[in-house]
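Please model the complete structure; the sequences and the hints are all you need to start from.
Protein chains in written order, with numbering that gives the first Met the number 0: chain R, 0 to 539; chain G, 0 to 433.
These are calculated hints, taken from the structure and not from any lab test.
Which chain R residues stay away from chain G? Per the calculated CB distances, all over 10 Å, these:
#1 L404
#2 S427
#3 F530
#4 A531
A few chain R residues facing chain G, derived, Cβ under 7 Å:
#5 R121
#6 R206
#7 G368
#8 A507
Glycine residues also receive a C-beta, built at the ideal position from the N, C-alpha and C atoms.
Okay, here's what each chain looks like letter by letter:
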Amino acid sequence: MSLLKSFLLFIGLMACAVSGPSFAQSDAEALRPLINDLAKGKYAETEKQIGELVATGDPAVAPALEALGEGDLYFRKSDRMVFIAHKAGKGYALTDPLTLEPAGEAGRREVTKIKVNNKLRRVLRSALGSLTLMAADPQVRQAAAQAIFKAQDPEGIDALNAALAAETDDGVRKVMEEARAAAVLNSDLDDAQKLEAVRTLSDMGNRDALSLLIGVQSSADGAVRDAATQAITKIRKSIAAWDAAQNIWYGLSLGSVLLLAAIGLAITFGVMGVINMAHGEMVMIGAYVTFVVQELIRTSAPGLFDYSLFIALPLAFLASGLIGVAIERGVIRWLYGRPLETLLATWGISLILQQAVRSIFGPTNREVGNPEWMSGAFEIGQMTITYNRMWIIVFAMLVFTGLMLVLKKTPFGLYTRAVTQNRRMAASMGIRTPWVDAMTFGLGSGIAGIAGVALSQIDNVSPNLGQGYIIDSFMVVVFGGVGNLWGTLVGAMTLGIVNKFLEPYAGAVLGKIFVLVIIILFIQKRPRGLFALKGRAVEA
Amino acid sequence: MHKGNSMKKTFTKLALAGLMASTIIGGAAAQEDTIKVGILHSLSGTMAISETTLKDAMLMLIEEQNKKGGLLGKKLEAVVVDPASDWPLFAEKARELIEVNGVDAVFGCWTSVSRKSVLPVFEELNSILFYPVQYEGEESQRNVFYTGAAPNQQAIPAVDYLMNEEGVERWVLAGTDYVYPRTTNKILEAYLKSKGVAEEDIMINYTPFGHSDWQTIVSDIKTFGSAGKKTAVVSTINGDANVPFYKELGNAGIKAEDIPVVAFSVGEEELAGLDTAPLVGHLAAWNYFQSADTDANAEFIETWQAYVGDDNRVTNDPMEAHFIGFNMWVEAVEKAGTTDPDAVIDAIVGVSVPNLTGGYSAMMPNHHITKPVLIGEIQDDGQFETVWETSGLVVGDAWSDYLDGSKDLISDWRAPLSCGNFNTVTGKCGGSGS
Numbered sequence: 000m001s002l003l004k005s006f007l008l009f010i011g012l013m014a015c016a017v018s019g020p021s022f023a024q025s026d027a028e029a030l031r032p033l034i035n036d037l038a039k040g041k042y043a044e045t046e047k048q049i050g051e052l053v054a055t056g057d058p059a060v061a062p063a064l065e066a067l068g069e070g071d072l073y074f075r076k077s078d079r080m081v082f083i084a085h086k087a088g089k090g091y092a093l094t095d096p097l098t099l100e101p102a103g104e105a106g107r108r109e110v111t112k113i114k115v116n117n118k119l120r121r122v123l124r125s126a127l128g129s130l131t132l133m134a135a136d137p138q139v140r141q142a143a144a145q146a147i148f149k150a151q152d153p154e155g156i157d158a159l160n161a162a163l164a165a166e167t168d169d170g171v172r173k174v175m176e177e178a179r180a181a182a183v184l185n186s187d188l189d190d191a192q193k194l195e196a197v198r199t200l201s202d203m204g205n206r207d208a209l210s211l212l213i214g215v216q217s218s219a220d221g222a223v224r225d226a227a228t229q230a231i232t233k234i235r236k237s238i239a240a241w242d243a244a245q246n247i248w249y250g251l252s253l254g255s256v257l258l259l260a261a262i263g264l265a266i267t268f269g270v271m272g273v274i275n276m277a278h279g280e281m282v283m284i285g286a287y288v289t290f291v292v293q294e295l296i297r298t299s300a301p302g303l304f305d306y307s308l309f310i311a312l313p314l315a316f317l318a319s320g321l322i323g324v325a326i327e328r329g330v331i332r333w334l335y336g337r338p339l340e341t342l343l344a345t346w347g348i349s350l351i352l353q354q355a356v357r358s359i360f361g362p363t364n365r366e367v368g369n370p371e372w373m374s375g376a377f378e379i380g381q382m383t384i385t386y387n388r389m390w391i392i393v394f395a396m397l398v399f400t401g402l403m404l405v406l407k408k409t410p411f412g413l414y415t416r417a418v419t420q421n422r423r424m425a426a427s428m429g430i431r432t433p434w435v436d437a438m439t440f441g442l443g444s445g446i447a448g449i450a451g452v453a454l455s456q457i458d459n460v461s462p463n464l465g466q467g468y469i470i471d472s473f474m475v476v477v478f479g480g481v482g483n484l485w486g487t488l489v490g491a492m493t494l495g496i497v498n499k500f501l502e503p504y505a506g507a508v509l510g511k512i513f514v515l516v517i518i519i520l521f522i523q524k525r526p527r528g529l530f531a532l533k534g535r536a537v538e539a
Numbered sequence: 000m001h002k003g004n005s006m007k008k009t010f011t012k013l014a015l016a017g018l019m020a021s022t023i024i025g026g027a028a029a030q031e032d033t034i035k036v037g038i039l040h041s042l043s044g045t046m047a048i049s050e051t052t053l054k055d056a057m058l059m060l061i062e063e064q065n066k067k068g069g070l071l072g073k074k075l076e077a078v079v080v081d082p083a084s085d086w087p088l089f090a091e092k093a094r095e096l097i098e099v100n101g102v103d104a105v106f107g108c109w110t111s112v113s114r115k116s117v118l119p120v121f122e123e124l125n126s127i128l129f130y131p132v133q134y135e136g137e138e139s140q141r142n143v144f145y146t147g148a149a150p151n152q153q154a155i156p157a158v159d160y161l162m163n164e165e166g167v168e169r170w171v172l173a174g175t176d177y178v179y180p181r182t183t184n185k186i187l188e189a190y191l192k193s194k195g196v197a198e199e200d201i202m203i204n205y206t207p208f209g210h211s212d213w214q215t216i217v218s219d220i221k222t223f224g225s226a227g228k229k230t231a232v233v234s235t236i237n238g239d240a241n242v243p244f245y246k247e248l249g250n251a252g253i254k255a256e257d258i259p260v261v262a263f264s265v266g267e268e269e270l271a272g273l274d275t276a277p278l279v280g281h282l283a284a285w286n287y288f289q290s291a292d293t294d295a296n297a298e299f300i301e302t303w304q305a306y307v308g309d310d311n312r313v314t315n316d317p318m319e320a321h322f323i324g325f326n327m328w329v330e331a332v333e334k335a336g337t338t339d340p341d342a343v344i345d346a347i348v349g350v351s352v353p354n355l356t357g358g359y360s361a362m363m364p365n366h367h368i369t370k371p372v373l374i375g376e377i378q379d380d381g382q383f384e385t386v387w388e389t390s391g392l393v394v395g396d397a398w399s400d401y402l403d404g405s406k407d408l409i410s411d412w413r414a415p416l417s418c419g420n421f422n423t424v425t426g427k428c429g430g431s432g433s
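Here is the structure:
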C-alpha cells in the first residue's frame, strides 16, 4: 500500500517537475534531502538543519520554513518524507514543501508534526527575513526587514545592502535602513557607520529603537555611546508625550465599557428608580446570545462569521429585553416604592439567572471569537490602538446617541419622561403608566443585552460576567447623577480616565480603591451626582 | 417503644433529607455497607468555573472504582456538597460532611483561602483532605495531603527554563492580588535575586480578581520589555482574569518570540474560552498536560470524555492530581485494611501510584508528592506541547528554601518526629508559619 503510494507520489512529482522549468527541477531535488533532514530529531538538530537550508540561499526553501514556524510541517512516519500538512476531514492534506503541489492525503496517525519552540521560531523568523528580502511583494519584503531588525543579525548586512540598492518602495526602504542600522550596531564595523546607525534609530523614535539604543549605551564606548545617550533622551521625551495620549485613550476605552454597562442601568435605576441587582445578568445574557449566534454560524454558515455581531445585536436586545419585561411584570411591579425589597428580590433573580445559565451552558468559559475587523491593532505615532477597543468606543457612542434620540424624539420617550417626572399627572393625562414601566424596564434591559454583545469581545463569557460590572455600573450612575443620561456619559468617561491615570502610579488594586474613595467624597459634597435632576421628581 | 423509635428515626431521616436535599447527590438514606467519600468543590459562584470539573472527575473516579469492585468489599458512595465559592461556608460544609454524613475522606478546595478555612475543621475532627491544586507552599498539616504542585514543582523550574533556554534577563511577575500569587512571587523574587538578577530588572504587578481592563498593564509590560534585555512575564493571574489578559496580549501584538508569558494557573480548561492562534508559543508550567503521550493518559481522557458525554471536553492538571490522590487513598486504605483516618495517614506515606505522564508518583513524609515538571507551549488548537521536562521526579517541598524563616523548616509526619514545621536550627517543632 505504502509502496504504491510512494510510487504514485513519485509519478506525481515527476509530472510537476517536468512541467516546471528545468533548473527548478534540479534545485528542488537537490534541496529535498536537506528538507527531509528537518525531521531528524530534537530542537538543537532542527536548528542546525535550518541553518543549512538558509545557507543554500535558495528562496525555494522559504515555504517549508514558513510552514515549520506555523507548525504545519509534518513528516510521514513510513518514509520520513517531509510535507506541509493542513487538517482535512479526519486526516491531513499534504503539500509538497518544494514544488507546493498537492501530494495526497495522510491519516492522523501516519504523520508526525515537527516540533518547534520559541527559540526555533525566532531563528526561523530571521532566517526567513534574509531569504525573502528580494521577494516581489513589498509587504513580504517589509516583513523580512522587520525580522532582521528584531534579530539584529550582522550577517544580514550584505543582503540588506543588496536589497536596498534594488528597492523602489520608499516605505520598505525606510524599514530596511532601520534594520540595517540595528544590524550594524550589533556588528564590529567602524564607529562612523555606527554613529550613522544611531542617527537612523534616533529618527525612528519608537520603543524598539529605544530598546536597541539602551543596549548600545551599555555595550559601546566613546562617541557612539554619547550619541546613543543623546538619542535615548530625545526618544524618551517624545514617548512621554505619547504616553499621556495613550493613557487618555485607555481612559476613554475603559470609560466606554463602563458607559455600555451602565447605560441600561441609567434607565432602570436612574429614570425609574428601581435598584436592579440583576442588571449585570442582562449583560451576561447578551453575551451568551452572541455565543449561541456564533455557534450556529460556525456549524451552518461559516461565511457569515464576520457579521455575527450584527446578527447578535437585535437578538440580544430582544432576549434581554423580554426577560427584563418578564421580571418587571412578575416581580418588580409589586415592589415599587420599597427599595430594600426590590434590591433583595432582584439580587435573588440575579442568582437564579446565573445558576440557570451555568446549568444550561456549563460553568466554564465559552469561546466568542473576534471577527476579522475586530482583531489586531494599528499605530498612530507611538500609540498602539487595538481595533476591538476602538470599535467599542464607537459602538458605545452610537448606543448613547440612539438612546438619547429614543427618549427625546419618540412618543414612547415622551411618555417615559412624563411618567418619571410625575407619575400621577401622567396617569391623569391618559398614559398607561404600568405599560410604560414595563417597556422602559425592557428597554433598559435590552440595552444591557447589546452591551453584552460588545463586552463578549473583550471579556470572558462565563456565568459570572455580569457580577464584575454591577458595582461599576451603579458607581457610574450615582456619580453621574441619577436620572440624567448625560451625567452617565460624563461620569463613565471621567471615571475611566481617572482610573487609567491612577493605575500606573498606584497599581490596579489601589487605583480602584482610590476611585471609590474619590466617589464617596464627591457624593458627600454633591449627593445628587454631577448632573443633578431638578424638579418635582427629585422631592418625590 | 419499638414503633416509636422507628418513627423517630424516620422523622429524623426525613428532616435530614429535607435539609440536605438541595446539596447532596447520592441520597441521605445512608446504607451501612458503603464507604463514603466527600467532595467539597464549589458548584456555584466565581470558582464554579474551575471546581465543577473536579467534582465531575471525582464522581467518575469513584464510579470507575466501584466498577472494579469497590474498596474493602464495599461500594464507594460520593457525597457532594456545594460551598458556593464562599470561604467560611467551606468550613461549615466540611464539618457537615464529616460529622453529619460521616465521610471517610474529603477531596476538595481550590483556592488557598478555602483550604485555610477548612484546616481547623479537619484537625479538630481528625479527618483527611486531599487538596489537588498547585499552591504557594509554606504549609504542612497532618490531616491534609497536597497532591498539587508546591512552588519548587512548578514556579522554580519554569523560571529556570526561561533563564537557561530563552536567556531571559528581565522579569515581570504579574499576579492576582491574593495569597498564592503574593507568596509565590516572594519566593520567585528571592530566587531571582539569588541568581544575580538586579532589583530594577524585576517588576511586580498585582491586579484584583476578575480584572478585565488590561490595557495599561499590557502596555507597561511592553515598555518594561523595551530596555534592551530579553524579557519574560511570569503570570500567577488566576481564574477569569486570564481571558481578557490574553486577548489584550494577542491584540497588542506581543508575540511569544519577543516577550513570552509563562503561566502557572492557565491550563487546557482556561484556554477553552479563547482563540489561541495569537498565543502560540506562550508557556505554562504544570505536572500534566492533556497532550501527554502515554497509554494511561489516553485511557483517562477516553473515560472522561465518555463520562461527561462530550468529545471536546479537556482534561487538566488538577484532575490528574485528584486521579493520583484518589488512587493513593484507595491503596492506603487497602494497605491499612480500614478507613480509619489515623491508620490511613500512617499507611499512605510511601504509597506510590502511576501518574498519567508515564511514571509513578509517591506520597512523601511531608504529605506532598513527587511529580515531573513539564513546560508546555500553547498550540493553536488550545492544547499544550511539552517543550521541556525535568529529567526525573521532583519532590514537593513544603517549606521554601529561598525564604527567611522558612528555609530552616522541614516537615516529616512519620513517628517519632511527626511534625509539620520542625526547625532544624533550634531542633524544635513549631518554628514558624502554620
